[in-house]
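> Going line by line, the protein sequences match chains A and B. Using our numbering, read the first sequence as starting at 2 and increasing by one per residue. Using our numbering, read the second sequence as starting at -10 and increasing by one per residue.
Since the hints were derived computationally from the structure, they do not count as laboratory data. You may find that some hints are simply not true.
[What the hints assert, rightly or not] What the simulated footprint calls covered on chain B by chain A, stretch by stretch (three residues with Cβ under 8 Å from a Cβ of chain A suffice, anywhere in the stretch; the number is not a length): (1) 33 to 47; (2) 63 to 74; (3) 86 to 96; (4) 124 to 131; (5) 178 to 187.
[Said to hold, decoys possible] Below, in silico cross-link-like pairs of lysine to any residue (SDA-like), each with a Cα-Cα straight-line distance of 20 Å or less: (6) B/Lys182 to B/Thr124; (7) B/Lys182 to A/Gly49; (8) B/Lys182 to B/Ser96; (9) B/Lys182 to A/Thr66; (10) B/Lys182 to A/Ala39; (11) B/Lys182 to A/Arg43; (12) B/Lys182 to A/Glu46; (13) B/Lys182 to A/Thr330.
If you're wondering where the values come from, they're calculated on a predicted model, not measured in any experiment. For every residue, glycine included, the Cβ atom is placed at its ideal position computed from N, Cα and C.
Below, each chain spelled out in residue letters.
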Amino acid sequence: MRHPTEGTLRRLLDEPAGVPDPDRAHVADCPQCLAALAATRRDAELVGTALAAEGSTALAAAGSTDVDAGWRRLTAALPAAAPAARPERVRPSRSRLFRRPAAAVLAFGVVLAGAGTAAANDWLQVFRTEEVAPLSLTTSDLVALPDLSAYGDVELTGDPDVHEVPDAATAAEESGLDVPEVADLPRGVAGEPTISVGGQLSATFTYSADRAAQAAAAAGETLPPPPPGLDGSSVRLVAGPGVAQVWSSESGLPALVVGRAVAPSAYSSGVPFETVRDHLLSLPGLPEDVAAQLRGFTADGSTLPIPVPADLATSSTAEVDGAEATVLTGRDGAMAAVVWVSDGVVTAVAGSLDPDELLSVARDLD
Amino acid sequence: MDLVRYGPPAALQLSVPGRTASRVGRKGGTVAGAGNGAVRSDLGEVFRRDYPQVVAVAARVLGSRDEAEDVAQEVFLAFGRSTVPAAEAPGWLSVAAVHTALNLIRSGRRRASREETVAATADVTTPDVAEAVLTREDRSRVRAALGELPRTQAVALVLRHSGLSYAEVAAALDMSPGSVGTTVRRAESALRKELTRHASSD
């Protein structure tokens, strides 16, 4: 069985009852997971101490919270604050008008990237994407999104069922992919990899002009007229299957990960995907970075829809076997990744290695 | 993908770093608009029930009780004009408290002297070994780093360390309970790295 995720180990510290029995049983018998669990506990305690010490002491020193005093202060502020809020009304509500459509597009972008992100999330178990942070969208982006159902329906389908397989031949048979073979392991990486296979995952977004218009009207905005046929048409994003090989280091973090998957691609019913995309791009208030990201999507899966959070990673490009590869380097220097797409197949080489070492592994893959 | 259902949290979450707490409070009120500046009728009831928790959550971020009370005022002002259902108020208020407190950290407009006074007292009066290992500078660094984390990570971390269960954190942030652990873990890992980075360079 595969190792439980970092998140599962973290929860094991706080709420063991919330962790499935098989995971608990696995951790109890797995030296690697026990080591990771110990590291998780150390970090949790350290941060808990750092945050609690001053706060709890500050509270204890001042006695219990004085609710009555707080209430008196609030009620004193209320009549004064109410008229003061009025002059502000115009500007914030204006920004809200613009935010809704923009956020809708952002949400859509995420659904599209969702093939990337959702796949990445399902690849979590494979890639352990928590460690390959540059490959996943930060969750703060997700939380800032509005209710997407105002603009249509979103449905995630497919069960990737990521599981371990005994060898490369089985992986190739189950995934239908050529399993990349690492010619020479970089220094510091040794032993046999753990090989995992995951199935196909898809996400469908069905645009509803009525609901989009209602949402816009509720915000006092008029949507640009959607192209004929867009209403009710769906865009389906498909990613996978995929296979990953993971070499672990003593710390329990992946030292080297070599993954390959059928690249995310977009299928649309009714109108071409580009039409859907361009309509979304025409909505007012769309931030330029989101627009740039959306423009990157193509119908043939030739572009890799991986948003790179600028605070976590820097990206550059390099060439691998004639294809343009994206090189992501974590800002903390702990992890790097090289990702490229060739013939509708995306391959990633990642690990706690120097980007040059990863590029060398990438170029030597058989 | 019903990620944000009410105006105020979205406004708070979307607010750019550096925006002052008062601006967020006002904005929340305007966006959520109960209309005409009207204040919701259950404000007093919710205030009495949740005020201590909101102060405690903000204090965890700020390390200062006075500042935490300021934040709690902003948060309840915004809540007073919102239409958030009372049953969902605790989660909403906690999330808003963390955001407002983090904005305060990022705005650089802190009442620095207060935190240091409290911290100095804490160093002297708490004999706990684990706390003694962390210097006042360490704690300040952790708080600064907290302000730089991706918002969801920071919020999930603070809520978890404030005693909310995984299910409560998940509900407050509209994420799956399964991803709470991952999010908290990432935040802790980042903060620990921040501490060790300085420890090794000292």
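> Hint by hint, note whether the structure agrees.
The hints, checked one at a time:
For the stretch 33 to 47 of chain B, the proposed coverage by chain A is satisfied: 7 residues have a C-beta within less than 8 Å of a C-beta in that chain, meeting the threshold of three. For a cut-off of 8 Å, the count of residues in the stretch 63 to 74 of chain B with a CB near a CB of chain A stands at 4, and the three-residue condition holds. Under a criterion of three residues with beta carbons nearer than 8 Å to beta carbons of chain A, the stated coverage of the stretch 86 to 96 of chain B fails, only 0 such residues being counted. Counting residues of the stretch 124 to 131 of chain B whose beta-carbon sits less than 8 Å from any beta-carbon of chain A gives 3, enough to reach three: the coverage restraint holds.
Residue count for the stretch 178 to 187 of chain B with a Cβ under 8 Å from a Cβ of chain A: 6. That meets the three needed, and the coverage hint holds. With a C-alpha separation of about 16 Å, the suggested pair B/Lys182 and B/Thr124 falls inside the 20 Å cut-off, and the hint holds. Straight-line distance between C-alpha atoms of B/Lys182 and A/Gly49 comes to about 14 Å, which keeps the hinted pair within the 20 Å bound. For the proposed pair B/Lys182 and B/Ser96, the alpha carbon gap of about 23 Å is over 20 Å, so the pair is violated.
At most 20 Å may separate the alpha-carbon atoms for a hinted pair to count; B/Lys182 and A/Thr66 exceed this at roughly 34 Å. Restraint check: the Cα-Cα separation between B/Lys182 and A/Ala39 comes to about 16 Å, which is no more than 20 Å; the hinted pair holds. Under the criterion of a C-alpha separation no larger than 20 Å, the hint pairing B/Lys182 with A/Arg43 is consistent with the structure, at around 12 Å. The hinted pair formed by B/Lys182 and A/Glu46 meets the criterion: a straight-line CA distance of about 14 Å does not exceed 20 Å.
Distance restraint check for B/Lys182 and A/Thr330: the Cα-Cα separation of roughly 17 Å lies within the 20 Å cut-off, and the hinted pair is therefore satisfied.
Going through the hint list in order, the structure does not satisfy hints 3, 8 and 9.
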